[in-house]
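A.B. asks: Now for the letters of each chain:
There are 2 protein chains.
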Amino acid sequence: MDSVKIGLIGFGTIGASVVRILQKNGDIIGQRLGASLDLVKIADLDITTDRGVTVAPEMLTTRAGDVLEDPAIDVVIELIGGYEPARSFVLQAISRKKSVVTANKALLARHGDEILSEAERQGVAIRFEAAVGGAIPIIRSIKEAFVANRIHAIEGIVNGTANYILSKMTDDHVDFQDALKEAQAKGFAEADPTFDIEGIDSAHKIAVLTRLAYGTPVRFEDIYVQGITSITREDIRCAQEFGFRIKLLAISKFDGTSIDLRVHPAMLPEDKPIANVNGVFNAILVRDDLMEENLLVGHGAGGLPTGSAVVADVVDIARDIRSGSRGRVPPQAFPVASLQNIPLKKIEQIEAEYFLRFLVLDKPGVLSRISGILGQFGISIESMIQRRRDSEGKGVPLVMMTHLSREKQVQAALEEIDRLDFVCEPTVLIRVEK
Amino acid sequence: MDSVKIGLIGFGTIGASVVRILQKNGDIIGQRLGASLDLVKIADLDITTDRGVTVAPEMLTTRAGDVLEDPAIDVVIELIGGYEPARSFVLQAISRKKSVVTANKALLARHGDEILSEAERQGVAIRFEAAVGGAIPIIRSIKEAFVANRIHAIEGIVNGTANYILSKMTDDHVDFQDALKEAQAKGFAEADPTFDIEGIDSAHKIAVLTRLAYGTPVRFEDIYVQGITSITREDIRCAQEFGFRIKLLAISKFDGTSIDLRVHPAMLPEDKPIANVNGVFNAILVRDDLMEENLLVGHGAGGLPTGSAVVADVVDIARDIRSGSRGRVPPQAFPVASLQNIPLKKIEQIEAEYFLRFLVLDKPGVLSRISGILGQFGISIESMIQRRRDSEGKGVPLVMMTHLSREKQVQAALEEIDRLDFVCEPTVLIRVEK
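In order, the protein sequence lines correspond to chains A and B. When we follow my numbering, the leftmost residue of the first sequence carries the number 1306, and every step to the right adds one. When we follow my numbering, the leftmost residue of the second sequence carries the number 1306, and every step to the right adds one.
Watch out, some of these pointers could steer you wrong.
Same chains, same names: a pair is fine if it fits in one copy or spans any two.
[Unchecked claim] In silico DSS-like links for lysine-lysine, alpha-carbon gap of 30 angstroms or less: (1) K1739 with K1491; (2) K1558 with K1577; (3) K1668 with K1650; (4) K1329 with K1739; (5) K1329 with K1558; (6) K1448 with K1402; (7) K1650 with K1329; (8) K1577 with K1491; (9) K1577 with K1486; (10) K1448 with K1310; (11) K1739 with K1577; (12) K1558 with K1650; (13) K1668 with K1713.
Since the hints were derived computationally from the structure, they do not count as laboratory data.
Start from the sequences, fold in the hints, and give me the full structure.
C.D. replies: Following this line, the structure appears as structure tokens:
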């Protein structure tokens, strides 16, 4: 049987899972492909730690160059993550006409233009299904299954750590910090969870999807990003009373002129299927002009799910190689020549319904002042909950849902309200997505 | 710009939608493909009915041969449905080395062996994403995204008509016949709804998925199929009381030895995401050794969703043609040489939990007789509801959920129970899927 030769750079959790999958399922992969995938070299700075898989010692190297410079290797898998040296390694592989598989969303979000365009120029395949949504086949769906469709919107729960924390806070009525600690204890959150809980990882992923869906470069810095660290138990409880769930949502909507691209906690009606995707699961909803909506749900992280997406990408490339196909699908879904710079909407330009949680002293006239200011800014209230009376003088929560309002007006109103002397702390704003 | 030439056989709802999509989204398809899809001929016995799309009169023909024999046509789309003449047309196209796109699940379920194997032998691409789940990219996911995975199970709500009827019965507490009438009035059910409500269409679809998932031929006649016509409002209400939803489920489970392949109404715990897929939506859950589970939800029918899957298949083939690729992905996910005959389990061999609804006269000793017989057959009861007393002498419903039991034993017990003189009608059995 023919074989396709693979080199792996990065022998961490996902790298080790890729090795395990190739060993465990090599038979069925070989049957489906009609060839074997032959892993010939693994590079990592640390080649002494036990990764839980057995590999021939001569396969291991601490020099990425040993993979990149090996003329026998057809496909390079990059799994070291981060910007550098990942960027250099990937560009080097491309310049040597090696195909690339990567799971590196940070790299693609920041350097997608350079890397993906270079791959197209060199006629080299680059695939990155594992970069978004783990085992969820969202990238190939956008590039291939929805190729006839004009995509209008993508909404995703694309960070398993944040979703685990919010689910935990919802189910067990615990605070953010306790849920985070448990996520860390269970291995669902890293020691430094910043990228996950601050929404940066989600922003990387929606940047990648946006590029593919609409055929536009995306400046990562221009994405509005808000994490989940300020969400409280109280917010979640109030959301439930109004019939909503709070999820960290990555949103990308295209109205034909500009793209509304943002990551923030959002309130979702509890009867929406995506609102019921809990724990470390991810979910991505695609809306377009032909199929209304398509929802994909699966494990968004973890070695084996993510590794299975990596290996599927390798099989895709092996199929290209074996069938003599080159440049079959453009790396960015659209050929570089068809990309267009579509402007992003600023967050002030969006319209939404809003959940507002004020913490106010329990005094006469408070409600009328707040609702008066909201009214001045053209914001009308759809419903309201006032909590129990203030026993400790620390303020009482006052919670409102607005009708459709302009973000700019809401921000201006909150600035004025938060200056009032009976308002105890900055007002919490959570956007509603229906 | 290059073009790929297409001929269409079958100008019904989906055919007209394909034409509309090519017209409406030709620009974006052209950008993504780097070539145009050029529909040159449409064959249908009826070329006079207004299909709501404008086509040049000279494109229309009543002779399928005008499409099949046209040497300029690269890709033939078959959308006439049914077994013949669809089978002959598809085989003719293949023998003339034309690639084929079809949405015909009945054809693939019955003649999949012949047609798909012939396509592989001739090195011709045949794609059929639209045959299962409309716009849901399940077929390419199984063939490409999950290529490294050992699939264990597929569970699907794959018939929108049946799902609409059951959802309607659940939400509006109406009887089957009323829900069916409404589905017909809304165009969600055909005048003759047999295939949909009797589970035959679902069986066609799960037969196709089973073939691809495990690499086995499937004898359609051997699939256990039970429709939804005997489901009553009362069953649905009881299911709800136990925390379940009733769905028409297509199930295909592979334990490494044999396949448990069946279509029947099933009770699903209401907190399972698939239990909350309602109306005409379809949902397909795939379980395997690497990614735990992946759920895809979308429009399972309708002209535009299904048409978008057809056009995406055409684009796939156009990409093969333009990139010089041939035989890139085997039509059956596995090459013919790797197919294995995996036996199907008989329904008597399965184990499940069961919902049983007895209709009994309200007499002393009834419950002890029934539970006694169940006990003799090794069936233990997990919970029970006895309804209001019998006012009209027509019997009272007695509802039980069993623990995990053998189907064979359950069938035998029910046979004995249904012979008792206080049992008013044949006992309803609904399998539980957890």
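A.B. asks: Confirm or reject each hint.
C.D. replies: Against the structure, the hints:
no. : hint             : verdict
1   : K1739 with K1491 : between (32 angstroms within a copy, 25 angstroms between copies)
2   : K1558 with K1577 : both (18 angstroms within a copy, 28 angstroms between copies)
3   : K1668 with K1650 : neither (40 angstroms within a copy, 71 angstroms between copies)
4   : K1329 with K1739 : between (43 angstroms within a copy, 28 angstroms between copies)
5   : K1329 with K1558 : between (41 angstroms within a copy, 20 angstroms between copies)
6   : K1448 with K1402 : both (22 angstroms within a copy, 27 angstroms between copies)
7   : K1650 with K1329 : between (47 angstroms within a copy, 26 angstroms between copies)
8   : K1577 with K1491 : both (28 angstroms within a copy, 23 angstroms between copies)
9   : K1577 with K1486 : both (29 angstroms within a copy, 27 angstroms between copies)
10  : K1448 with K1310 : both (26 angstroms within a copy, 22 angstroms between copies)
11  : K1739 with K1577 : both (8 angstroms within a copy, 21 angstroms between copies)
12  : K1558 with K1650 : within (10 angstroms within a copy, 47 angstroms between copies)
13  : K1668 with K1713 : within (28 angstroms within a copy, 71 angstroms between copies)
Consistency note: the structure conflicts with earlier hint 3 alone.
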